[in-house]
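Undergrad: Using the hints, position chain B against chain A.
Sequence order for the protein chains is A and B. When we follow my numbering, the leftmost residue of the first sequence carries the number 59, and every step to the right adds one. When we follow my numbering, the leftmost residue of the second sequence carries the number 59, and every step to the right adds one.
In short, the hints are calculated from the structure, not lab data. Be aware that a few hints might be false.
Repeated chains share a single entry, so a pair holds when one copy, or any two copies, can fit it.
Within a straight-line C-alpha distance of at most 30 Å, the following computed BS3-like cross-link-like pairs (lysine-lysine) qualify [stated by the list, open to error]: (1) 157 with 105; (2) 173 with 110; (3) 126 with 137; (4) 105 with 81; (5) 88 with 105; (6) 101 with 150.
Number of protein chains: 2
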Amino acid sequence: MVHVKLIVIGKTNENYVKEAIEKYKLLLSKYCKFELIEIPDVKNGNKLPSEKLKVAESELLQTYINQKSITVLLDEKGKKMSSEEFAAFYQKQTILSSKINFIIGGSYGFTEQLKQESLCISLSSMTFNHQMVRPILMEQVFRAYTIIHQTGYHH
Amino acid sequence: MVHVKLIVIGKTNENYVKEAIEKYKLLLSKYCKFELIEIPDVKNGNKLPSEKLKVAESELLQTYINQKSITVLLDEKGKKMSSEEFAAFYQKQTILSSKINFIIGGSYGFTEQLKQESLCISLSSMTFNHQMVRPILMEQVFRAYTIIHQTGYHH
Numbered sequence: 059m060v061h062v063k064l065i066v067i068g069k070t071n072e073n074y075v076k077e078a079i080e081k082y083k084l085l086l087s088k089y090c091k092f093e094l095i096e097i098p099d100v101k102n103g104n105k106l107p108s109e110k111l112k113v114a115e116s117e118l119l120q121t122y123i124n125q126k127s128i129t130v131l132l133d134e135k136g137k138k139m140s141s142e143e144f145a146a147f148y149q150k151q152t153i154l155s156s157k158i159n160f161i162i163g164g165s166y167g168f169t170e171q172l173k174q175e176s177l178c179i180s181l182s183s184m185t186f187n188h189q190m191v192r193p194i195l196m197e198q199v200f201r202a203y204t205i206i207h208q209t210g211y212h213h
Numbered sequence: 059m060v061h062v063k064l065i066v067i068g069k070t071n072e073n074y075v076k077e078a079i080e081k082y083k084l085l086l087s088k089y090c091k092f093e094l095i096e097i098p099d100v101k102n103g104n105k106l107p108s109e110k111l112k113v114a115e116s117e118l119l120q121t122y123i124n125q126k127s128i129t130v131l132l133d134e135k136g137k138k139m140s141s142e143e144f145a146a147f148y149q150k151q152t153i154l155s156s157k158i159n160f161i162i163g164g165s166y167g168f169t170e171q172l173k174q175e176s177l178c179i180s181l182s183s184m185t186f187n188h189q190m191v192r193p194i195l196m197e198q199v200f201r202a203y204t205i206i207h208q209t210g211y212h213h
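With the rest of the complex left out, here is chain A:
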C-alpha cells in the first residue's frame, strides 16, 4: 500500500478544515496509508523577514523528507494539471516509489534548492487559503484513486 504523507507548516486551527481532513482520511484509508504531519510554525517566524522565514521553513521541511521517497511541493509556479493528468502523474510516481510526500509550505513558498530537489505542482493560478488547501489536496488524491479505479466518482 502506498504511504502518502501530507506535510504542512502550522497546525490546523479551523474546525471545518479539521472535519474535512477527517472525512478525506477515512475515504483515503481504502486506497493508501495516509498521514498528515503538521510541523509547528517557526518560532517567532512572524518577526523574520519573508526571505529568512522561507529559508527557515524549507530547512525545517527538509528534515522531514525521507530520501527514498518522492516529494511533491505545492507551489504557485508548479505544473498545472487536470484531475485526470494528476491521476496519471500520481500513478506514475507511486510506481517509482511507494512513499510519496506532498508538502504545503508557508505563505512565502520554498527555497530554490528545495524546489530543485522536488517535483512541483500547482492546484490553481489562484491563491487559496493555506488551511483549505489541505483538504483540497486530499480530495484530489482521493479523486485520483477513483479515476485510476474508475469508480464513477469523477465526471
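TA: Okay, now just chain B, sitting in the frame of chain A:
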C-alpha cells in the same frame, strides 16, 4: 454595497462545508451583501441522461438570474486567473453593476446558451468537489476585497 449572490445547485449537505460558508459569510459581511441561494436538485435528475439534466439545470438557473445583474459561471473551460487578476475582474464588474451572481452548476456544467449570456471563469484545471467549491469561491471573493483594500491578508 455590492449585492453578491452565489447560486448553487443542490443543498449543502456536508457539515464542514456549512461551517466554512458561515465563516466566509461573516468575513464578507464587512464588504458586501452576500446571499447564498441553494436551488433544489432537479427532480429525478439522476435518472435523466447527462445532456437532459444539464438543460434542465441551466433552464432552472436562468429563472434565478436578474437581467440587470452580471452573471459569472464557474465553468471548467472558463478563464483562469490569479487572485490579483480575479480581484481586478471583480472590481471592474462591480463597477458595471452592483448586482453580481456567481453560479456553480451541476456535474455536467451549463448549456451553450447560458454560457454565451454569461461570463465564465475557472478556479482550477482540476475538478474540485462541488460542495467544497462553495467556500473556495467565497474565500476568493473575500480575498479580492482584501487585495482591493490592501489589508495585507493576501501575500
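Undergrad: Please sort residue 173 with residue 110 into within, between, both or neither, judging by C-alpha distance up to 30 Å.
TA: within (16 Å within a copy, 46 Å between copies)
Undergrad: Using 30 Å as the alpha carbon limit, work out where residue 105 and residue 81 are close: within a copy, between copies, both or neither.
TA: between (35 Å within a copy, 28 Å between copies)
Undergrad: Regarding residue 126 and residue 137, is the shortest C-alpha distance of 30 Å or less found within a copy, between copies, in both, or in neither?
TA: Answer is within; shortest intra-copy Cα gap is 22 Å, inter-copy 39 Å.
Undergrad: Taking 30 Å as the upper bound on the Cα-Cα distance, should residue 101 and residue 150 be classified as within, between, both, or neither?
TA: Classified as neither; 37 Å inside a copy, 41 Å across copies.
Undergrad: Taking 30 Å as the upper bound on the Cα-Cα distance, should residue 88 and residue 105 be classified as within, between, both, or neither?
TA: between (42 Å within a copy, 28 Å between copies)
Undergrad: With 30 Å as the alpha-carbon cut-off, assign the pair residue 157 and residue 105 to within, between, both or neither.
TA: neither (35 Å within a copy, 41 Å between copies)
Going through the hint list in order, the structure does not satisfy hints 1 and 6.
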